[in-house]
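Line by line, the protein sequences are chains A, B, C and D. The letter at position 92 of the first sequence is residue 96 when you use our numbering, and the numbering goes up by one with no holes. The letter at position 81 of the second sequence is residue 85 when you use our numbering, and the numbering goes up by one with no holes. The letter at position 142 of the third sequence is residue 146 when you use our numbering, and the numbering goes up by one with no holes. The letter at position 108 of the fourth sequence is residue 112 when you use our numbering, and the numbering goes up by one with no holes.
Don't take every hint at face value.
Because identical chains cannot be distinguished in the list, a pair is counted as satisfied if it fits within a single copy or across any two copies.
The list that follows gives simulated cross-link-like pairs (lysine-lysine, DSS-like), each with its CA atoms no further than 25 Å apart [as the list claims (entries may be wrong)]:
# : residue 1 : residue 2
1 : K61       : K165
2 : K99       : K31
3 : K147      : K99
4 : K165      : K31
5 : K97       : K61
6 : K147      : K165
Bear in mind the hints are in silico, worked out from the structure with no lab data behind them.
Protein chains: 4
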Amino acid sequence: MSTVAIVYFSGLNHTHLMAQAIGEGAKQVANTQVELLRITGEQITNGRWQDDAIVAKLNAADAIVFGSPTYMGGVAAQFKAFLDNTDAWFEQKWKDKLAAGFTHSSSLSGDKQSTLIYLTTFAAQMSMIWVNVGDMPSDYFGKEDGVNRLGSFLGVMGQSKLDMSGKSAEIDPGDRLTAVKFGQRIAEAARRWN
Amino acid sequence: MSTVAIVYFSGLNHTHLMAQAIGEGAKQVANTQVELLRITGEQITNGRWQDDAIVAKLNAADAIVFGSPTYMGGVAAQFKAFLDNTDAWFEQKWKDKLAAGFTHSSSLSGDKQSTLIYLTTFAAQMSMIWVNVGDMPSDYFGKEDGVNRLGSFLGVMGQSKLDMSGKSAEIDPGDRLTAVKFGQRIAEAARRWN
Amino acid sequence: MSTVAIVYFSGLNHTHLMAQAIGEGAKQVANTQVELLRITGEQITNGRWQDDAIVAKLNAADAIVFGSPTYMGGVAAQFKAFLDNTDAWFEQKWKDKLAAGFTHSSSLSGDKQSTLIYLTTFAAQMSMIWVNVGDMPSDYFGKEDGVNRLGSFLGVMGQSKLDMSGKSAEIDPGDRLTAVKFGQRIAEAARRWN
Amino acid sequence: MSTVAIVYFSGLNHTHLMAQAIGEGAKQVANTQVELLRITGEQITNGRWQDDAIVAKLNAADAIVFGSPTYMGGVAAQFKAFLDNTDAWFEQKWKDKLAAGFTHSSSLSGDKQSTLIYLTTFAAQMSMIWVNVGDMPSDYFGKEDGVNRLGSFLGVMGQSKLDMSGKSAEIDPGDRLTAVKFGQRIAEAARRWN
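Model the full assembly from the supplied sequences, consistent with the hints where possible.
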């Protein structure tokens, strides 16, 4: 049995839907347990994040997938507050766990790569092993399923038109499929690595 | 009179068309002279680039716009060979000139931001002043002219479907318009700065 | 008269000392007013930052210098909460203002460049003009004053040995001098640009 | 038996010495074969790199370690020419191989992180699995062996004072030890992954 934890912040639910799709993919791999762990602003006091239950689950996971919307060219402040909780860093508690990342924003490029670069940098500080996307853009090969339609490699990107209502968040079917396949890939990598 | 130099490498001519559009925009600003300077593989010997005429024109420019296709997540090797010619660096010959950047690739995101981040890093080593795009994605405001349709801010991005023929390169009309406006912006900044 | 605002977060006071040094340098340029604006965790509620007085001063400044310690390879979450306050973004209120950045951490390299890359990306989203460091490492030329001793170009870096006490923060004299000269450079650029 | 290939460019031999140290560390792991593959300017014609023997060895390796000096804030143009040889990309020939990176420059920070960020981006395009450094700066814990003295996590950094002679290149003993340990780590990861 291996455990894939997906820890994320989501403002308008798009990143939440991507997290769910990654979890769905990971569950398709035999003997994989998935933990969906959502960071919220309420877990932050005076700019500092704390939630012992989430930390315990992350410490127990074999792979951790990090997800955040791209806000102003980087991870959301709320997610950064979670990442800045450095107990796991000083003791290198996540050393040699697998890591991966995903992000979502409202424009096609929109500095989402900046978010993914940052997440790889964070994972490096934790001495984790980074799993990249693994799927080429399918339209290079004449397919129309939308897999990796944005052309992202460090992690999965999702994009949806700007919509501040937050009521009926939807994600692109191609982005969703990319996320499902990414979840499978991470779960398979966790099985191979363990 | 201020001079805007646009120095670029182009494999399949898309980056060349973007360079021309930036030049067209810059020329629309009164008292602006534009230099289009194309880097080629033939200027490289044993991995090192040299072309004294191009160097002289760059040394004389008020603003330098750097452009390269994104190859494997970064500037083309041929363009890097040009940038590695460090005569201008040791003596900081381009200090306080304006700088800006653009890139093109075949996917919507496709690690083009990585190229732009690198170009800002290069310009920083030269102690130049970096001029960002300046146009929000126009579809945020209900416009359909395609200005900044990809959502790029450090520099202008262009994207065209993968096409290895190179015979009839075309660029997206929105990307072209973004480039023209970027050229104007740089030329206006050069006038203000001088 | 031009105004240079220095907006920063500081956990253990090192970044605060660097902010002061930049301010000291900026004040040496005639007709320059300096605003030191410190972000604190107390300004953050449920992960969101708000402080109308600071926003008003930033909206009125000619140049904004952004500073944060490097925490886990990026800006501190508290500073990101400030940057995520997007009122200024949608309306592009800081468009064409000058921008610059600085950071501090406990190791010589320590992913501080990642923080500076992020700050340039943020400034790009705001359509600001980025002012780079402008000083080569002085030891290249046999000087021992410590100017740019770390070799940073996108912004100024400071480094001090890890010390969690926070009681008697000190910064390296070379880093301090680099910061003073950087403040001068930014104030001179603001005068030239206006 | 697993094979660790170390492919690198070196101008003044510092990067070469780091490559050797990584190879030395990898060989300390039982059943590990090491290939040291040096890219040279002579392998480049009209800006394009080709060397079928090196490509064959890389295609056969279990892990590939990428190394380049940091020139002008990025990988050397000669090394980029090697990376731009995209035969392995279209067919994703290196998919699921392990990858890692290292760099060297003359200043303590000096934009070396930019080089490492780029190398992770390249490896992502190849769908490789990225192995990070795995050693905290030892001086955090009062040790004086110089392990990770620069505080780098995405890959190993080496730093030596600027010296254009190239005659008697030496690397810092701490950087050398960091590289040896990094080689061990990569070889152990290759064994675990296979």
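### Query
Between the shortest in-copy and the shortest cross-copy C-alpha distance, which are at most 25 Å for K147 and K99: within, between, both, or neither?
between (38 Å within a copy, 20 Å between copies)
### Task
Up to 25 Å between alpha-carbons, please classify K61 paired with K165: within, between, both or neither.
neither (34 Å within a copy, 33 Å between copies)
#### Entry: Same-copy or cross-copy closeness of K147 to K165 [CA-CA at most 25 Å]
both (23 Å within a copy, 13 Å between copies)
### Message
With identical chains, the pair K165 and K31 could be close in the same copy or across copies; at 25 Å between alpha carbons, which is it: within, between, both, or neither?
### Response
neither (29 Å within a copy, 34 Å between copies)
### Message
Please sort K97 with K61 into within, between, both or neither, judging by C-alpha distance up to 25 Å.
### Response
So K97 and K61 pass the 25 Å test inside one copy only (12 Å; across, 36 Å).
### Message
With identical chains, the pair K99 and K31 could be close in the same copy or across copies; at 25 Å between alpha carbons, which is it: within, between, both, or neither?
### Response
Both: 24 Å inside a copy, 23 Å across copies.
The earlier numbered hints that this structure contradicts are 1 and 4.
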